[in-house]
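Asks: Could you put together the complete structure from these sequences and hints?
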Amino acid sequence: MEPILADDSKSKRLVAQLFLDVLATNIVHEERILVKILEIFDIGLEDIAEALYGSKANDAGLATAMTFVEHYIFSFTESHSYMTAVTLLEHFSIRLSGQSFLLKMTEDNQFKAAEKWAKFMGKPMICLLIQKYLDMKMLKQAYNLVKQHKLKKEFPHVNRLYKESLVKKLVEEGCWDVAELSIQKDRQLIEYLVYLAMEACYTEKVDELCDQYSLQGFVNDAVPQVNPIQDHYLHYTELSLEDIVWVDEIDGLWSATSHIEGCKVIGLDCEWKANYEKGSRPNKIASEKRAFVFDLIKLYEDEPKALNSCFKRILQSPKILKLGYNLQCDLHHLSYSYGDLECFRHFVMLLDIQKLSKDPRGGLSALTQKILGAGLNKTRRNCNWEKRPLSQNQIEYAALDAAVLVHIFYHIRFQPHPADFKDERAKIGWKSHIISWADSTKARQDTH
Numbered sequence: 001m002e003p004i005l006a007d008d009s010k011s012k013r014l015v016a017q018l019f020l021d022v023l024a025t026n027i028v029h030e031e032r033i034l035v036k037i038l039e040i041f042d043i044g045l046e047d048i049a050e051a052l053y054g055s056k057a058n059d060a061g062l063a064t065a066m067t068f069v070e071h072y073i074f075s076f077t078e079s080h081s082y083m084t085a086v087t088l089l090e091h092f093s094i095r096l097s098g099q100s101f102l103l104k105m106t107e108d109n110q111f112k113a114a115e116k117w118a119k120f121m122g123k124p125m126i127c128l129l130i131q132k133y134l135d136m137k138m139l140k141q142a143y144n145l146v147k148q149h150k151l152k153k154e155f156p157h158v159n160r161l162y163k164e165s166l167v168k169k170l171v172e173e174g175c176w177d178v179a180e181l182s183i184q185k186d187r188q189l190i191e192y193l194v195y196l197a198m199e200a201c202y203t204e205k206v207d208e209l210c211d212q213y214s215l216q217g218f219v220n221d222a223v224p225q226v227n228p229i230q231d232h233y234l235h236y237t238e239l240s241l242e243d244i245v246w247v248d249e250i251d252g253l254w255s256a257t258s259h260i261e262g263c264k265v266i267g268l269d270c271e272w273k274a275n276y277e278k279g280s281r282p283n284k285i286a287s288e289k290r291a292f293v294f295d296l297i298k299l300y301e302d303e304p305k306a307l308n309s310c311f312k313r314i315l316q317s318p319k320i321l322k323l324g325y326n327l328q329c330d331l332h333h334l335s336y337s338y339g340d341l342e343c344f345r346h347f348v349m350l351l352d353i354q355k356l357s358k359d360p361r362g363g364l365s366a367l368t369q370k371i372l373g374a375g376l377n378k379t380r381r382n383c384n385w386e387k388r389p390l391s392q393n394q395i396e397y398a399a400l401d402a403a404v405l406v407h408i409f410y411h412i413r414f415q416p417h418p419a420d421f422k423d424e425r426a427k428i429g430w431k432s433h434i435i436s437w438a439d440s441t442k443a444r445q446d447t448h
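Following UniProt numbering, the numbering of the sequence shown begins with 1 at its first residue and continues without gaps.
FYI, nobody ran anything at the bench for these hints, they're computed from the structure.
One or more hints might be untrue.
Once the Cα atoms are required to be at most 27 Å apart in a straight line, the calculated BS3-like pairs of lysine-lysine come out as [unchecked claim]:
| # | residue 1 | residue 2 |
| --- | --- | --- |
| 1 | Lys-185 | Lys-152 |
| 2 | Lys-431 | Lys-312 |
| 3 | Lys-152 | Lys-112 |
| 4 | Lys-56 | Lys-36 |
Only a predicted model underlies this, so the values are computations on that prediction, with no experimental measurement involved.
Replies: This is the structure:
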């Protein structure tokens, strides 16, 4: 490289000729290397023209060089190599194609290339791209461009739309408390959060927010035109559940255990905070007709021996098939939080429905939608489970996750062609997925 770099004009001629050879496909190349060569040696149209004609080019020669380069840039766009095309257009300061080129890139989901092109072309093209992002509901991308190019005056509503989309996403994931914290006392967003709670029929959250922030006048006809979180959620009455029982004292515990011991199949589900807080949410066990929601934290504090005895009879019974979804997570949490109870150290006759599903994306709610025709309402997943008494809506919500497992299982077992599950293993070979589980960590600790 040293001898070549010593003569700048000579090196440019050589690199320009190499560039022409590459475009003519005489040399195998990678596009990123092609672009890097131009940038390092600062090759312009005049260098291309000189390589074409062997001498300094006049205006006609420069025009020919531009036409030559444009022809190959067009070939890059035809092969969907948009970033290479945009980089070459920018490098040679060629402004062509305009709106149609920008829209073609967005239609092909080449958004990075589209943004690079828009920035090169200037404010009108950036505004066009922002509007395209808004039309495509790509609010984060629109917000970032507005902020980066200081276009708040041209797009005054983008900031609000983006923040509302973040709040709605958190709500759809059931993270109401996180959504509220993210608002930082922005009254408009607080009101929007109330509207979302109204859309979700989450009346206790509506009351809580209105009381906390002294909001008034929220009536049904005041709900703005926001997209419903979901048109229809599964309700426990659609599962023919005869009863949902809240269990927080010893008599209820014995009664629930007696009923569950008479069942051949039950659904088991737990929900937990990320910090492994002990007993922070209820444990749910459901049969086909009844569901029990156990207040583990109260039972553990008041009647630990009875809790251990009853759950040992259930969880370690070889006569009861225990269904779950992503069971390993629930089992580890139970063992971690209540490891001093023998009942949570060992489980038998477990069947993880997730192991049978073709597509685990979307979790239990998505699977319930496929099998039973309606998903699970997750808007209450991260509500305040420590507050007592729980509302009836909270209890019904808690019971559903366990109850749907039983109904999904019967679908797997009795449907002749279980399209939503893996091959014939779901119908014929589901028994091969039944496992036992023991907490090896606790076992090792006990031996020391």
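Asks: With reference to the structure, classify each hint as holding or not holding.
Replies: Structure-based check of all given hints:
1. For the given pair, Lys-185 sits about 22 Å from Lys-152 by alpha-carbon distance, which is consistent with the 27 Å threshold.
2. Between Lys-431 and Lys-312 the CA atoms are separated by roughly 23 Å; this keeps the pair inside 27 Å, and the hint holds.
3. Between Lys-152 and Lys-112, the direct Cα distance comes to roughly 21 Å. Compliance with the 27 Å bound is thereby established for this hinted pair.
4. Restraint check for Lys-56 and Lys-36: the C-alpha separation of about 24 Å stays at or below 27 Å, so the hint holds.
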